[in-house]
Every structure is written in C-alpha cells, then in structure tokens.
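Sequences listed follow chains C and Y, in order. Counting with our numbering, you get residues 23 to 136 for the letters of the first sequence. Counting with our numbering, you get residues 35 to 145 for the letters of the second sequence.
Among these hints, one or two may not hold up.
Stated by the list, open to error - Cβ-to-Cβ under 8 Å is the rule here; a few derived chain C residues that face chain Y:
hint : residue
1    : Ser77
2    : His123
3    : Glu124
4    : Gln125
Worth flagging that the hints you see were computed from the coordinates, not collected in a lab. Everything numeric in this text was worked out from a predicted model, so none of it was measured. For glycine and all other residues, C-beta sits at the position ideal for the given N, C-alpha and C.
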Amino acid sequence: EPEVTQTPSHQVTQMGQEVILRCVPISNHLYFYWYRQILGQKVEFLVSFYNNEISEKSEIFDDQFSVERPDGSNFTLKIRSTKLEDSAMYFCATKFRLQGHEQYFGPGTRLTVT
Amino acid sequence: GQQLNQSPQSMFIQEGEDVSMNCTSSSIFNTWLWYKQDPGEGPVLLIALYKAGELTSNGRLTAQFGITRKDSFLNISASIPSDVGIYFCAGPSNTGNQFYFGTGTSLTVIP
Numbered sequence: 023e024p025e026v027t028q029t030p031s032h033q034v035t036q037m038g039q040e041v042i043l044r045c046v047p048i049s050n051h052l053y054f055y056w057y058r059q060i061l062g063q064k065v066e067f068l069v070s071f072y073n074n075e076i077s078e079k080s081e082i083f084d085d086q087f088s089v090e091r092p093d094g095s096n097f098t099l100k101i102r103s104t105k106l107e108d109s110a111m112y113f114c115a116t117k118f119r120l121q122g123h124e125q126y127f128g129p130g131t132r133l134t135v136t
Numbered sequence: 035g036q037q038l039n040q041s042p043q044s045m046f047i048q049e050g051e052d053v054s055m056n057c058t059s060s061s062i063f064n065t066w067l068w069y070k071q072d073p074g075e076g077p078v079l080l081i082a083l084y085k086a087g088e089l090t091s092n093g094r095l096t097a098q099f100g101i102t103r104k105d106s107f108l109n110i111s112a113s114i115p116s117d118v119g120i121y122f123c124a125g126p127s128n129t130g131n132q133f134y135f136g137t138g139t140s141l142t143v144i145p
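Okay, chain C solo, but in the shape it has when bound (with noise of 0.2 Å):
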C-alpha cells in the first residue's frame, strides 16, 4: 500500500540553526500539508500546499517558515531559524483531491531544538 514518507525520523538541532524536513508524498497525489505537534498535545495545522504555491497557512505559519516541491517529488518544509518552541513532531499528510478529505500522514519528524 502506498504511503507517505518523511525524512528524517528525528532531528536535533541548535536554536538558531536553519531545518529542513523531507517528506514525498503518495505519488499520485495532488495537496500536501503540514502539521505541527508539540509533544502530549493536538495536531495543529501548519500550511496547505497545491500546484506549487500555498493554499493557506495557519498564523503559526510566520516568516521563519516555507515550503516548496523542488523536484516534484519532494515536499519539504523549512525552518529558518529555529527556537526552543519549534521542537515537537512534525507530520506531511498528503490528498488526492480537494473534495475527498481522506488525508494520508506520514509517520513523522521529531524535532528537537537545543
């Protein structure tokens, strides 16, 4: 069965220090997002991306952060400068189409911001 794949599984990092989290989606799918999840509390949405821009962002979503596809496979998402309240999970979940809203996650990257 096809999934959702995120690279790396765990990463740590110093404050301050520029992340980038890999994820490839489902092949055939069209709408990528990211989520956040500090550790012990709810799934919060980061950004919707579709056709090579940004559907929405959350207001979490702030300049330190940005997404792009930049090989038509990979979907990553990057973290400028990262602080102390970026580490918690990160999870890619991507969609076949906008209508359906079965949306499939990958397993995750925990980040650790020392």
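With chain C held as given, fit chain Y onto it using these hints.
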C-alpha cells in the same frame, strides 16, 4: 482558529467494554473526521462523515455526525488492547485547505 473540544480527555477501560467519546465545536462543520494516533506515529483516518445525522460504521467503530453540525460522536464496541491510542476528531475549513484537530481523547485498555 476553530476550537474542537473532545471529552473525555482520557479513558481507562477494561478489555471488552464499549467506549464513547465526543467532539464539540463552536462552529458548524460540513465534514467530521475521526483519526487514531498510535504512539510515535502519524494519525490514521478511521471514519469520515459528510452529512448531518449520518451514522457510519467501520468494524467495531461507529461515528455520528450531530444534527446541529457542531458535534460528533465516536463509539468503539468490545474494546481490545490494540484500540489503545489517542483519538482525534477533525474538520476542514470552508475552503477545504485547512483542517482543525480536536484536543484528543487518550484511550487505555486494560487487558
């Protein structure tokens, strides 16, 4: 953003018991989704509801779309140890480009 509140926050039940949990919102949703998250993994979609009043089953799971469109319920019958996890409700924004997740219900099943 939209606030989705789930109750109870956590449940400890004996294997074989039935479970009920609910999700309420201050705003109307046109779709309700229920996800399960196992420790260290991403959420997995369990059930999707698209119409007010709709009752949908997936094996031992049954979910209902409240008629006010501001709530939804999930029931698990005859719980088993692998039901352990966190259950989240979720709903899309009007554009369908953003999804709001509930606060989660943590389920522990005691064998």
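| field | Interface hint status, C:Gln125 versus chain Y (Cβ within 8 Å) | value | Where the cut-off is 8 Å and the nearest Cβ of chain Y is about 7 Å from C:Gln125, the hint holds.
| task | Would you check whether C:His123 satisfies its interface hint, that is, whether its CB is within less than 8 Å of any CB in chain Y? | result | 5 Å, holds
| said: Can you verify the interface hint for C:Glu124: is its Cβ closer than 8 Å to any Cβ in chain Y? | reply: Cβ of C:Glu124 sits 6 Å from chain Y, so the hint holds.
| said: Hint C:Ser77 vs chain Y: min CB-CB distance below 8 Å? | reply: Holds. Min distance 4 Å.
The structure is consistent with each of the numbered hints, conforming to all of them.
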